[in-house]
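Student: Each chain, written out:
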Amino acid sequence: MAHAWVAGKAAALDTAIAEAAKLLAASRHPLIAGLGTDVAGARAAIALAKRTGAVIDHMNSEALFRELDVMRSSGVMLTTPLEVRVRADTLLLAGPELGEMPELRQRLFEGPRQTGADIGVERRIFWLCPGRAVADPRFGGTTAEIIGKERSDLPALLATLRARIAGRPIGRARVSSSTLDRVAAALKAARFGVAIWSPAALDALTIEMLCGMVDDLNATTRFTGLSLCPADNAVGVLQTCGWTTGLPMRTGFGRGFPEHDPWLSDSRRLVESRETDCVVWISAYRAAAPEWREAPSTIALTGRDASFPVSPLVHIEVGRPGVDHPGVQHLPLTGTLTAIEATQPSDTISVAGAIARIASALPGVGERPC
Amino acid sequence: MLTRIAGGRVIDPANGRDGVGDVWMRDGTIIDPPQAARADVTYDAAGKIVMAGAIDIHSHIAGWNVNTARLLLPEYHAAAARRPTEMPLAKGGWSSFEIGCRYAAMGFTTVVEPAVSPHYALHAHLELADIPIIDKATLTVLGNDDYLLGLLQAKESDAAIEDYVAWTLSMSRALGVKVVNAGGAMAFKENIRAFSFDDLVPSYGLSSRRIVKALQHAVKALGVPHPLHVHCNNLGLAGNVETALATIAAAEGLPLHLAHLQFYGYGKEGERGFSSAAAPLAAAVNAAPSVTVDVGQVMFGPTVTISSDVLRQFNARDQARPKKWLILDGEANGAGIVPYDYRRNNFYNVVQWAVGLELFLLIADPWRVFFTTDHPNGAPFTTYPEIFALLMSRDLRAQWLAELPSAAVAMTTLPAIAREYSLVEIATMTRAAPAKLLGLTHRGHLAPGAVGDIAVYENDKDRAKMFRAAALVFKDGELVVRDGTITHCRWGRALTVEPERDRAVDRRMKAYYEGRYGLSDEFIKVPEHALGRPEPFERVPCVS
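Taken in sequence, the protein lines are chains H and Z. Quick note: the first sequence uses our numbering, first residue 1, plus one each step. Quick note: the second sequence uses our numbering, first residue 1, plus one each step.
It is possible that some hints are incorrect.
In silico lysine to any residue, SDA-like type, Cα no more than 25 Å apart, as pairs [what the hints assert, rightly or not]:
{"id": "1", "chain 1": "Z", "residue 1": "K323", "chain 2": "H", "residue 2": "A166"}
{"id": "2", "chain 1": "Z", "residue 1": "K461", "chain 2": "Z", "residue 2": "M392"}
{"id": "3", "chain 1": "H", "residue 1": "K188", "chain 2": "Z", "residue 2": "R193"}
{"id": "4", "chain 1": "Z", "residue 1": "K323", "chain 2": "H", "residue 2": "D216"}
{"id": "5", "chain 1": "H", "residue 1": "K22", "chain 2": "H", "residue 2": "D277"}
{"id": "6", "chain 1": "Z", "residue 1": "K323", "chain 2": "H", "residue 2": "R72"}
{"id": "7", "chain 1": "H", "residue 1": "K50", "chain 2": "Z", "residue 2": "G301"}
{"id": "8", "chain 1": "Z", "residue 1": "K324", "chain 2": "H", "residue 2": "R107"}
{"id": "9", "chain 1": "H", "residue 1": "K9", "chain 2": "H", "residue 2": "E341"}
{"id": "10", "chain 1": "H", "residue 1": "K22", "chain 2": "H", "residue 2": "E341"}
{"id": "11", "chain 1": "H", "residue 1": "K149", "chain 2": "H", "residue 2": "Q106"}
{"id": "12", "chain 1": "Z", "residue 1": "K510", "chain 2": "H", "residue 2": "E294"}
{"id": "13", "chain 1": "Z", "residue 1": "K510", "chain 2": "H", "residue 2": "R107"}
{"id": "14", "chain 1": "H", "residue 1": "K22", "chain 2": "H", "residue 2": "E294"}
{"id": "15", "chain 1": "Z", "residue 1": "K324", "chain 2": "H", "residue 2": "D216"}
{"id": "16", "chain 1": "Z", "residue 1": "K323", "chain 2": "H", "residue 2": "L13"}
{"id": "17", "chain 1": "Z", "residue 1": "K510", "chain 2": "H", "residue 2": "T220"}
{"id": "18", "chain 1": "H", "residue 1": "K50", "chain 2": "Z", "residue 2": "E75"}
{"id": "19", "chain 1": "Z", "residue 1": "K324", "chain 2": "H", "residue 2": "A219"}
{"id": "20", "chain 1": "Z", "residue 1": "K525", "chain 2": "H", "residue 2": "E341"}
{"id": "21", "chain 1": "Z", "residue 1": "K213", "chain 2": "Z", "residue 2": "K323"}
{"id": "22", "chain 1": "Z", "residue 1": "K465", "chain 2": "Z", "residue 2": "R394"}
{"id": "23", "chain 1": "H", "residue 1": "K50", "chain 2": "H", "residue 2": "N218"}
{"id": "24", "chain 1": "Z", "residue 1": "K324", "chain 2": "Z", "residue 2": "G301"}
{"id": "25", "chain 1": "Z", "residue 1": "K525", "chain 2": "Z", "residue 2": "R539"}
{"id": "26", "chain 1": "Z", "residue 1": "K324", "chain 2": "Z", "residue 2": "I192"}
Part of the chain Z face toward chain H, derived, beta carbon under 10 Å [as the list claims (entries may be wrong)]:
{"id": "27", "residue": "T68"}
{"id": "28", "residue": "L73"}
{"id": "29", "residue": "I161"}
{"id": "30", "residue": "K189"}
{"id": "31", "residue": "N191"}
Listed next, the stretches of chain Z that the computed footprint assigns to chain H, with coverage defined by at least 3 CB atoms under 8 Å from CB atoms of chain H [to be verified]:
{"id": "32", "segment": "13-26"}
{"id": "33", "segment": "261-273"}
{"id": "34", "segment": "321-331"}
If you are wondering where the hints come from, they were derived from the structure by calculation, not from laboratory data. Note that the structure is predicted; figures quoted are calculated from it, not measured. Note that CB positions come from ideal geometry on N, CA and C, so glycine has one too.
Kindly produce the complete structure, drawing on both the sequences and the hints.
Tutor: If you want it as structure tokens, here you go:
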């Protein structure tokens with residue numbers, strides 16, 4: 001069975017690597033996008049970007065940057081998934097897309113709480129604006145109280161709730177003032193409360209409002225926040241970008257040093273404006289295709305059975321971290337970078353391996369020790 | 001390969017050497033001058049100063065906290081700063097790669113990241129693995145973790161605590177143990193907002209003192225060379241000298257290291273209720289021979305404070321400059337990232353700057369006071385050359401003092417201090433003493449058998465210039481720096497200890513993690529293969 005293709009036709013891996021190197025060498029403004037890969041893959045991709053003057057971006061940057069934008073322009077209080085499990089007595093779920101990860105849901109909200117301070121305290125869960133398709137509001141033995149409905153009501157609901165927590169008057173709201181006051185009182189009575197949201201479902205201003213409310217609650221009690229990570233190791237890649245370049249993704253190396261600009265280096269914009277003339281698309285956790293319809297020459301490194309709207313010039317099937325090969329990735333359950341073993345080790349090349357081979361096939365200076 | 005560094009003034013306080021002579025290396029190791037052999041390479045060091053590579057025992061260079069600070073402050077990156085010269089952190093090197101290069105350029109060859117939460121150990125080691133040239137190590141943070149507090153509350157045996165500490169050191173691949181505001185982070189989770197040495201963590205009924213003493217004894221009993229590394233309670237608060245004095249007294253004649261003591265050198269005198277208490281604090285250190293300290297010197301300019309003292313950082317968040325911050329309630333200590341700008345015209349910041357220098361100059365024994373800025377908390381490590389210059393010249397200090405607000409200077413004893421550090425004392429404080437403190441018998445000196453980590457400096461009267469750019473630096477015998485510029489890049493190792501433990505603790509911890517988190521404890525492991533470098537670790541022996 002083929003693992004590599006050039007112009008849609010099955011090819012030897014060596015041929016695909018050589019073709020990829022040729023495309024990159026000829027490119028004036030390459031883009032390395034998708035970046036759904038483990039830490040080793042991200043390290044290799046960043047090194048390749050430095051070498052070729054490319055821009056790096058991740059397929060889930062949009063959600064990640066909403067979160068980052070709040071963090072780097074205000075104050076945020078956060079906690080870890082494991083602390084939520086063992087210590088939280090009050091959960092405030094904000095917005096949709098929170099009930100859709102069964103494993104996370106089970107581990108975070110339904111696990112045993114063991115910490116001395118919390119024993120005997122019943123857990124309370126409020127869920128603001130879960131959206132129309134309400135996910136199951138039952139979490140273990142606790143049923144979440146749903147307040148508000150439509151996702152679009154969330155910003156106003158949060159604003160009024162925050163006002164009531166601070167004791168400020170509010171005008172007419174969609175939710176009755178007695179309900180708001182009751183929820184505000186419950187949040188203030190929390191011993192270790194946690195607000196939980198998914199940045200994929202909220203805009204930056206709503207996240208900032210929520211984080212501000214969490215800070216306000218700390219005037220008298222303990223409250224903190226948990227943002228659910230976007231998929232495809234987005235946080236792991238973000239962290240890797242951080243220490244290797246000093247900056248997040250959406251960073252370019254075109255001028256010989258890393259420059260971060262979330263607009264300029266947005267992969268979608270670079271493709272649609274035709275600024276980039278060569279895309280390396282990486283999706284090792286699944287076989288995600290880019291969202292753009294027209295693309296320049298593309299070198300795709302993906303999991304099995306990818307289907308593209310525009311077929312890539314070079315396509316190499318890569319192994320999945322934690323299945324085909326061991327690796328390191330950010331685990332949403334632990335909130336940390338974690339080493340994972342291969343569950344079904346195979347010979348399929350890893351992203352890091354494929355990029356290393358492409359890099360060594362590039363003309364010019366070879367791999368330096370650092 | 002036989003290398004000769006010829007004719008320099010060799011300053012090697014560990015071996016009582018200070019005089020003109022040669023240093024020879026065979027491959028990566030220092031050797032006696034061979035009888036009748038010719039060197040393959042000879043470096044002329046005539047007129048220059050030859051020292052062992054410097055060792056930094058406390059510098060936040062890697063891990064989740066440091067990396068989150070990077071993400072919080074993209075504008076501190078050199079490429080993003082319009083006027084990079086005004087951004088010390090831009091100069092400070094914001095990526096792992098730059099950290100290694102800039103340390104090496106100053107002649108540093110080993111640096112300790114002092115605050116790694118065990119659950120984040122792999123992350124820290126991944127970053128360390130990407131720091132080139134220098135060797136590294138971590139201290140693992142205990143003392144706010146439910147497991148240890150549970151053991152103490154249940155009055156478990158010393159052996160149970162030692163096994164747990166040994167297990168944590170092994171899992172996190174650390175060189176030593178640090179405690180950060182012992183019990184304070186746990187108390188903060190229970191809505192306590194101020195926490196002193198004898199205050200109790202409510203749910204456990206344990207004092208900070210009890211936790212510190214338990215860890216101090218465990219570290220010593222395990223034979224971990226580096227004594228317990230203590231970040232005291234009440235960091236940064238007026239009058240907190242009392243906390244530091246109480247902690248020093250609690251050492252009770254056993255080894256104890258107090259980190260960034262400058263941040264605990266504050267009295268409550270004067271109109272503003274904030275003054276230097278460096279003199280009594282230094283006197284207490286001088287009188288307690290089992291106690292070592294590092295300073296955590298403040299220098300003026302924008303920086304970011306990165307700390308596992310989540311309670312202190314929470315209380316300091318309103319002072320953030322620029323106004324943004326991040327507080328993490330972690331599994332044990334958590335973290336706080338608060339950017340800050342130490343200003344020359346700020347009364348408090350000037351007192352802080354003076355307190356650091358007073359401690360350096362009033363603590364008599366350079367074997368017990370260590371050179372740090374608590375990078376980047378007091379200042380970025382790139383300010384070290386200026387601090388060496390200040391320590392070595394009373395005149396230079398007088399020039400600085402003349403330009404600082406006199407009301408602040410009046411709250412310190414700095415103008416009256418005449419002491420000037422000699423090159424021998426600098427070499428002791430930055431080479432010989434840290435190697436001894438960390439149990440690194442083959443580092444920090446130039447006797448045969450030592451690792452070929454050597455820094456050669458021009459003997460420039462401008463000491464800042466001299467220490468900013470080493471003339472030559474050798475790492476494991478290889479030339480890596482010439483005239484402050486990297487000439488050769490290589491990867492270093494992380495130093496670890498692995499004290500003996502009763503393996504029953506491994507089963508206990510596995511069961512604990514499965515019960516508490518529904519996860520195997522495997523997730524906190526730091527496997528060698530995950531780091532992507534050949535031989536990423538070097539084991540340092542424990543003492544018996």
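Student: State for each hint whether it applies.
Tutor: Right, here's what the structure says about each hint:
no. : hint              : in the structure
1   : Z:K323 <-> H:A166 : 21 Å, holds
2   : Z:K461 <-> Z:M392 : 10 Å, holds
3   : H:K188 <-> Z:R193 : 16 Å, holds
4   : Z:K323 <-> H:D216 : 16 Å, holds
5   : H:K22 <-> H:D277  : 13 Å, holds
6   : Z:K323 <-> H:R72  : 9 Å, holds
7   : H:K50 <-> Z:G301  : 31 Å, violated
8   : Z:K324 <-> H:R107 : 31 Å, violated
9   : H:K9 <-> H:E341   : 33 Å, violated
10  : H:K22 <-> H:E341  : 34 Å, violated
11  : H:K149 <-> H:Q106 : 23 Å, holds
12  : Z:K510 <-> H:E294 : 51 Å, violated
13  : Z:K510 <-> H:R107 : 17 Å, holds
14  : H:K22 <-> H:E294  : 21 Å, holds
15  : Z:K324 <-> H:D216 : 15 Å, holds
16  : Z:K323 <-> H:L13  : 52 Å, violated
17  : Z:K510 <-> H:T220 : 37 Å, violated
18  : H:K50 <-> Z:E75   : 20 Å, holds
19  : Z:K324 <-> H:A219 : 18 Å, holds
20  : Z:K525 <-> H:E341 : 12 Å, holds
21  : Z:K213 <-> Z:K323 : 38 Å, violated
22  : Z:K465 <-> Z:R394 : 17 Å, holds
23  : H:K50 <-> H:N218  : 43 Å, violated
24  : Z:K324 <-> Z:G301 : 17 Å, holds
25  : Z:K525 <-> Z:R539 : 17 Å, holds
26  : Z:K324 <-> Z:I192 : 23 Å, holds
27  : T68               : 8 Å, holds
28  : L73               : 7 Å, holds
29  : I161              : 18 Å, violated
30  : K189              : 6 Å, holds
31  : N191              : 5 Å, holds
32  : 13-26             : violated (count 0)
33  : 261-273           : violated (count 0)
34  : 321-331           : holds (count 9)
Hints 7, 8, 9, 10, 12, 16, 17, 21, 23, 29, 32, 33, counting from the list given before, are not met by this structure.
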